[in-house]
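Chemist: Each chain is listed here by its residues.
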Amino acid sequence: MTRNEGPLPASGLGVAMRIGLELVVATMVGTGLGWLGDRYLGTSPWLMLVGVVIGVAAGFLNVYRDIRQAEDENRE
Amino acid sequence: MENPLHHFELHRLIPITLFGFDLSINQAVVMMWLVVAAVALLFILGGRHRRLVPMKFQSVVELAVLFLRQTVLDTMGPKGLVFLPLLIALFFFILFGNLFGLLPGAYTVTSQVMVTGVFALISFLLSFIVGFWYHGPGFLKKIFVPSGVPLWLLPLLVPIEMVSQLARPVTLAVRLFANMTAGHMVILVFFGLMFSGGLLVGWLPLGMTVALYLLEILVALIQAYVFVVLTCVYVGEAIHLH
Numbered sequence: 148m149t150r151n152e153g154p155l156p157a158s159g160l161g162v163a164m165r166i167g168l169e170l171v172v173a174t175m176v177g178t179g180l181g182w183l184g185d186r187y188l189g190t191s192p193w194l195m196l197v198g199v200v201i202g203v204a205a206g207f208l209n210v211y212r213d214i215r216q217a218e219d220e221n222r223e
Numbered sequence: 004m005e006n007p008l009h010h011f012e013l014h015r016l017i018p019i020t021l022f023g024f025d026l027s028i029n030q031a032v033v034m035m036w037l038v039v040a041a042v043a044l045l046f047i048l049g050g051r052h053r054r055l056v057p058m059k060f061q062s063v064v065e066l067a068v069l070f071l072r073q074t075v076l077d078t079m080g081p082k083g084l085v086f087l088p089l090l091i092a093l094f095f096f097i098l099f100g101n102l103f104g105l106l107p108g109a110y111t112v113t114s115q116v117m118v119t120g121v122f123a124l125i126s127f128l129l130s131f132i133v134g135f136w137y138h139g140p141g142f143l144k145k146i147f148v149p150s151g152v153p154l155w156l157l158p159l160l161v162p163i164e165m166v167s168q169l170a171r172p173v174t175l176a177v178r179l180f181a182n183m184t185a186g187h188m189v190i191l192v193f194f195g196l197m198f199s200g201g202l203l204v205g206w207l208p209l210g211m212t213v214a215l216y217l218l219e220i221l222v223a224l225i226q227a228y229v230f231v232v233l234t235c236v237y238v239g240e241a242i243h244l245h
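From first to last, the protein sequence lines stand for chains F and X.
The opening residue of the first sequence carries number 148 in the numbering used here; numbering runs sequentially from there.
The opening residue of the second sequence carries number 4 in the numbering used here; numbering runs sequentially from there.
Since the hints were derived computationally from the structure, they do not count as laboratory data.
A virtual CB, placed ideally from N, CA and C, is assigned to each residue, including glycine.
Treat the hints with care, as some may be off.
Unchecked claim - Here's a subset of chain F near chain X, in silico, CB distances under 8 Å, partners left out:
hint : residue
1    : Arg165
2    : Ala173
3    : Gly177
4    : Ile201
5    : Asn209
6    : Gln216
To be verified - Counterexamples of contact, computed for chain X against chain F with all Cβ distances above 10 Å:
hint : residue
7    : Asp25
8    : Phe60
9    : Leu191
Generate coordinates for the entire structure from the input sequences, incorporating the hints supplied.
Modeler: Printed below as a string of structure tokens:
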């Protein structure tokens, strides 16, 4: 079974659906890790603020990778 | 009107406590048994005869397995075929969990963040185990330290890469659980509006319910597919390292 009939119509929708959440979740993970670090080290609120920035950057990185990967699939 | 979240509450059917843990049998457990039974039945019926010209069950199973096999080959290459049985099991469990939740009175297994979280953890741990298997301890350096970057940027980039890795299982779990919870809740809300609408406008929400129900079947398929594809992508990345 080769995929010469073109990609499935659902797979484009799949790519679209996976991207939106990445930004939010990465920001939340970064913020959460910073908040936890603050709680143990007592440096509130500085680690959390750093965590927000790192989380947003990580979110953009994930979205960038997703899109690049989706484009690679389309080119094949 | 009934609380739309009521459907997602768990009730203990048979209370069991073991070593201080609450291991009670609730609807989610019963639904998971049903899902496993249904998947097993489909595959037993599909694989029973192994005819050259497949009959109905066999052709359904063959179609799905071949489609997933092609997905694995596309995203991971031939090395990824080792994981095909695990991915097929994941796909069918999630798919049947999603679809069974659409039956009236049934509980949606995949609307529990704990269930989807465990699946996401499996996919996350698998990608790390595979990475260590193929690349040894240098795997951590390869994924966390991007190559060709000046030294002074590393304190910024390494935490970003770490958060980016940690966000992946969370995204997987939240996407599946949120899609299932939200979708089923919207159906329920529109269904409730039908009764409060009365005869004059009540048929409008009824039409919406039917439309949303069909959409939700599509979403159930797409979410199961997305989960498996992303697992393929993550494990494939651990094999090939970009």
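Chemist: Hints first: check each against the structure and report whether it holds.
Modeler: Hint by hint, here is what the structure shows:
{"no.": "1", "hint": "Arg165", "in the structure": "holds, 6 Å"}
{"no.": "2", "hint": "Ala173", "in the structure": "holds, 4 Å"}
{"no.": "3", "hint": "Gly177", "in the structure": "holds, 5 Å"}
{"no.": "4", "hint": "Ile201", "in the structure": "holds, 5 Å"}
{"no.": "5", "hint": "Asn209", "in the structure": "holds, 5 Å"}
{"no.": "6", "hint": "Gln216", "in the structure": "holds, 6 Å"}
{"no.": "7", "hint": "Asp25", "in the structure": "holds, 26 Å"}
{"no.": "8", "hint": "Phe60", "in the structure": "holds, 19 Å"}
{"no.": "9", "hint": "Leu191", "in the structure": "holds, 22 Å"}
The earlier numbered hints are all upheld by this structure, with none contradicted.
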